[in-house]
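Peer 1: These protein sequence lines map, in sequence, to chains A and B. When we follow this note's numbering, the leftmost residue of the first sequence carries the number 3, and every step to the right adds one. When we follow this note's numbering, the leftmost residue of the second sequence carries the number 209, and every step to the right adds one.
Read the hints as simulated data drawn from the structure, not as lab findings. Virtual Cβ for every residue (Gly too), placed ideally from N, Cα, C. Since no wrong hints were added, every one of them can be taken at face value.
Just some of the chain A residues that point at chain B, by a computed CB distance under 7 Å: (1) Gly-93; (2) Thr-94; (3) Leu-98; (4) Ala-100; (5) Val-103; (6) Asp-298.
Using C-beta positions, here's what the derived DEER-type ranges look like: (7) B/Asp-460 <-> A/Arg-297: 53 to 59 Å; (8) B/Arg-275 <-> A/Val-12: 34 to 40 Å; (9) A/Ala-288 <-> B/Thr-262: 23 to 29 Å; (10) A/Thr-301 <-> B/Asp-390: 32 to 38 Å; (11) A/Ala-243 <-> B/His-214: 56 to 62 Å; (12) B/Glu-290 <-> A/Val-30: 42 to 48 Å; (13) B/Asp-231 <-> A/Tyr-250: 51 to 57 Å; (14) B/Glu-324 <-> A/Ala-292: 36 to 42 Å.
Over the 10 Å line for every Cβ pair with chain A, so calculated as not near, a few chain B residues: (15) Asp-236; (16) Gly-376; (17) Arg-381; (18) Leu-400; (19) Gln-429; (20) Arg-444; (21) Val-462; (22) Ala-470; (23) Leu-497.
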Amino acid sequence: MIAVELFKLVRRLRTWVSVALICLLPLVVAIFIAVTHIAPAPGSGSAFLSAVLNEGQLYPAAALALVLPVFLPVAVAVVAGDSIAGEASTGTLRYLLARPVGRTKLLVAKLIAVITFAVLAVVAVTVTSYATGVLILGPSRAAAVGTAPGGISGSIAPGAGGAPTAGLQPGGAITSLSGTPLTTLELIERVLGAMAFITVSMLGVAAIALFLSTITDSAIGAAMGSLAALVISEILVTLNAASAVQPYLPTRYWLAWIDFFRQPIFWRDIQRGFAIQAVYVVVFLAAAWANFATRDITT
Amino acid sequence: MITTQHLTKRFGHVEAVRDVSIDVREGDRYGLLGPNGSGKSTLVRMLLGLVYATSGSISVLGEPVPRHVSRVLPEIGSVIEEPAAYPHLSGRTNLRLLDAAGPAASRRTRRRRVDEALEQVGLAGIDRRPVRAYSLGMRQRLGLAAALVRRPRLLILDEPTNGLDPRGIRDIRDLLIGLNADGTTIFLSSHLLPEVSALCTRIGVLDSGKLVLQDQLASLQEPTGRVLVSTDDPERAVATLDGLVERRDGADLVVRSPDPAALNARLVEAGVPVRSLVVQRRSLEEIVLDVTGAGSDQFGVPA
Numbered sequence: 003m004i005a006v007e008l009f010k011l012v013r014r015l016r017t018w019v020s021v022a023l024i025c026l027l028p029l030v031v032a033i034f035i036a037v038t039h040i041a042p043a044p045g046s047g048s049a050f051l052s053a054v055l056n057e058g059q060l061y062p063a064a065a066l067a068l069v070l071p072v073f074l075p076v077a078v079a080v081v082a083g084d085s086i087a088g089e090a091s092t093g094t095l096r097y098l099l100a101r102p103v104g105r106t107k108l109l110v111a112k113l114i115a116v117i118t119f120a121v122l123a124v125v126a127v128t129v130t131s132y133a134t135g136v137l138i139l140g141p142s143r144a145a146a147v148g149t150a151p152g153g154i155s156g157s158i159a160p161g162a163g164g165a166p167t168a169g170l171q172p173g174g175a176i177t178s179l180s181g182t183p184l185t186t187l188e189l190i191e192r193v194l195g196a197m198a199f200i201t202v203s204m205l206g207v208a209a210i211a212l213f214l215s216t217i218t219d220s221a222i223g224a225a226m227g228s229l230a231a232l233v234i235s236e237i238l239v240t241l242n243a244a245s246a247v248q249p250y251l252p253t254r255y256w257l258a259w260i261d262f263f264r265q266p267i268f269w270r271d272i273q274r275g276f277a278i279q280a281v282y283v284v285v286f287l288a289a290a291w292a293n294f295a296t297r298d299i300t301t
Numbered sequence: 209m210i211t212t213q214h215l216t217k218r219f220g221h222v223e224a225v226r227d228v229s230i231d232v233r234e235g236d237r238y239g240l241l242g243p244n245g246s247g248k249s250t251l252v253r254m255l256l257g258l259v260y261a262t263s264g265s266i267s268v269l270g271e272p273v274p275r276h277v278s279r280v281l282p283e284i285g286s287v288i289e290e291p292a293a294y295p296h297l298s299g300r301t302n303l304r305l306l307d308a309a310g311p312a313a314s315r316r317t318r319r320r321r322v323d324e325a326l327e328q329v330g331l332a333g334i335d336r337r338p339v340r341a342y343s344l345g346m347r348q349r350l351g352l353a354a355a356l357v358r359r360p361r362l363l364i365l366d367e368p369t370n371g372l373d374p375r376g377i378r379d380i381r382d383l384l385i386g387l388n389a390d391g392t393t394i395f396l397s398s399h400l401l402p403e404v405s406a407l408c409t410r411i412g413v414l415d416s417g418k419l420v421l422q423d424q425l426a427s428l429q430e431p432t433g434r435v436l437v438s439t440d441d442p443e444r445a446v447a448t449l450d451g452l453v454e455r456r457d458g459a460d461l462v463v464r465s466p467d468p469a470a471l472n473a474r475l476v477e478a479g480v481p482v483r484s485l486v487v488q489r490r491s492l493e494e495i496v497l498d499v500t501g502a503g504s505d506q507f508g509v510p511a
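With the rest of the complex left out, here is chain B (with noise of 0.2 Å):
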């Protein structure tokens, strides 16, 4: 759906994007990560021909872009960073209007689509008013409205969920798992780490304009070979387990072994009171710092 080889943009002095080669396939739920300022932005903008490459290219949806950019961005929804509307217009006027920009989309269905996608991402009570009356949450659904009103087969989204509270980040993530199931494919930028680990398949790393990572979510959080022990009676388990335990903390025990059942197994004939077993995996946190070293914080993670 979307590949770019060697992509490489300069603004001046700076390389906001360097030598990137990404690859998202149908059906993917893709999530480039990146801190602030790592270029994610930059090549978003690429990807939909607002922003010129210095070098490199891109495909998305089989066609070259900048060059054939017009046939393929009628397929594409997009929001690009913040989301951006004529604010003394009404959310429905708003998304009537961008519809009629452009070429390809019929006016006979136009009402029945803005109807569908302001029901969709829940405003559809209020798309009456002015959007200067809108909250911030609003308007980012009001954005994700205007990505879905032409019922694109690949939805391009920067930053989608800012502004947004907790019930609303998750209707939006449950909005977008079941579009994706629908066989639409969805590019997701975020430097939200949580939001990333709860909505994507495959993710890509950016840092300082370089792709760093790309991988299966889930391949790169294949077990580690450590089981959690939480238990009453951690002094039996350590004796029980003697070697194997890596490290205690009071009630819980980090232990290698590559078998779950059979340590739980173990565990219960020795007579050791088990609360919890879980198979340890890496969190996603430590995959992206792992790969960029940078700070947490420029991560916004939560603390």
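Just chain A, with the same shape it has in the complex (with noise of 0.2 Å):
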């Protein structure tokens, strides 16, 4: 049932529309930023965008910044809000359940579907973003401007560290936030990281979206309910007022990525973001279960 899903999500232009949108936002802000060679000045704007014109080679960690707060989240919601709704519109729903395939195994797949679609929209992000920093950013064009090392965003909540500023030394190695030079390896090594830390972000949505789809026949109205969700916790998070609830938001550790930058990884935050994502998850999933394993389809 997994490959099943698997082989409707790529044969599903939607997909790919939605990838090469989330990979669009990147260009665009590269493009701009080569055109112009002004980048926000440090500490402003979106994390690692100050630094981009030293160093291209850190792009992908600007791209992933840029496309974080928005663009992945609603597309995940999208596809999430899509995945048991969709088919119940559709109709498919009640001859995937007669074949028969169990409600319950439906909705892993469905889930192990939606993670593959985030997985992939951070990967192709990022190996697109790299190509984008190294060709059009990058360090040939650094020598134009001489700004200097970036801050990251200030839009960071309390909590996920300072100011402290990544960018390039005079040796001309990529230095962490806490300002010691990483070697290749450890870049790529923190990439990854950042890029599982991200792609786990993502799953408390899915699995929102995906326990408003089992109750809904409107996969706008699920995709659009999750959205709602992590609007609201997106904006508690920045409210002092809402300090009680914080460290049980879905989005309170999304910026914890962040902290693989750092020399040595700062690994407080990067757990939490982890744990409280596992517990949307289950908890989630559970009531979608619950749902969705007692209700009639009549669709």
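Make one complex out of these two single chains by using the hints.
Peer 2: Next up, the structure:
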């Protein structure tokens, strides 16, 4: 059944259009920066972005920071929200279940397909933005601008760290946010770590959308519902008055992937981020299962 | 093959199915009749484990449903209301995909089974087009092919000829009769009386969620003891038969007679030129209207 769901995922035009759109955003940003040579001032704008004119190889990190808050969760919510509701509204759900595909099995296969989509999107963004960084930005152009090493985003949630800088050292090696140089191998490891963390960060929203998808027959409704939950979470994370609930919000540790670029890696928030996503997946998958397994299929 | 006992399903305050006990035997071509909204689809969905009964019990192929529905579903092919397929994929890919979903479908024989099912429903030449480009009738055929691809012992078909033209309806009917002759039991629900009349050997009639009739079609359509006689000389016929003529309409007479051969001999002997002589049977329409009392417009009887 998992193979069937993956086949449906890759044979669907929507999958590739949304991946292409997600990849397009960093490309557009790179083109603007490359043409104007105006990077965001250190400490403002999206994470890592101020450093990319000096070091194009850092662009994947900047690109992930660009797509993380909106594009990626929207795409994941659309795919996950469609998973059961979409099949229900086209009528294919009843034929799958009458095949028979167990309802629990179907839910798990759908979740795996959504995770695959998130991995696909994150990998595509990383690869295309690496190419973009090296070809359009990168050290060759760094000579034209003498900007100072950039800082990370000012919009980072409290607790994610201060404002250390990343960028080019005089020697030419890429430095961590803590100021010490990273070898190429270390950089690759850390980018992989960040990719994994960002993928996992999408699981919470995916599980919420999947749960809503078992409640409604409207795919768009399920997607919008989960996005509403996400927006509320993103707002509460920045609201001091909501500090009591902040540790439990799905987006609370979203920016902890930046901690992979510290020396040494700052694990506390990364671990918490993994843990909170796991909790959301377990809770909402269980709720989805409880609802879906006992529901009358009337569409 | 299928038995339900006191099956009831309530949606909120609406009782869609009320205390229904049906009995479909091996080898039957069973037709479940009833107007739209009489509970046919809800009943079909309960048989397939899609909708859970409020009370009562279901047994399909000897297993309790929905408890062991996953054991019996691999041996059941179904069309549940409209057919559904992924529109951007071809008909063939849809069938392969559906066959790959769920347990116990041999991969080795998949291509052959898919080919055969497409052949059976007459889609063999156009199976590589995306389903998006299919007509309603083609989609209906594809839905039937999907039901046949696992070579089921039991077919549960909800309105399988919706959207088909007269030729398509006959093709499908011939196909179903052929499959039945090879041992497939067929359970079909429909609101179209002619379809059921032409195909089924046994019928059940649902009216507002209740089963109001279940019997062999042949025994329901026993001769009524009346013969329809058409003649060029009705006066002489009436005179000959005297009190046996129940009704006269121009050249057509309704004659009370248990033995059509004797009646014919008597008329010929008296020199009455008999143009046609037919044993009267109750039509399915009369049978159904008798037990439901519903307006015929709800049954889709052609005018």
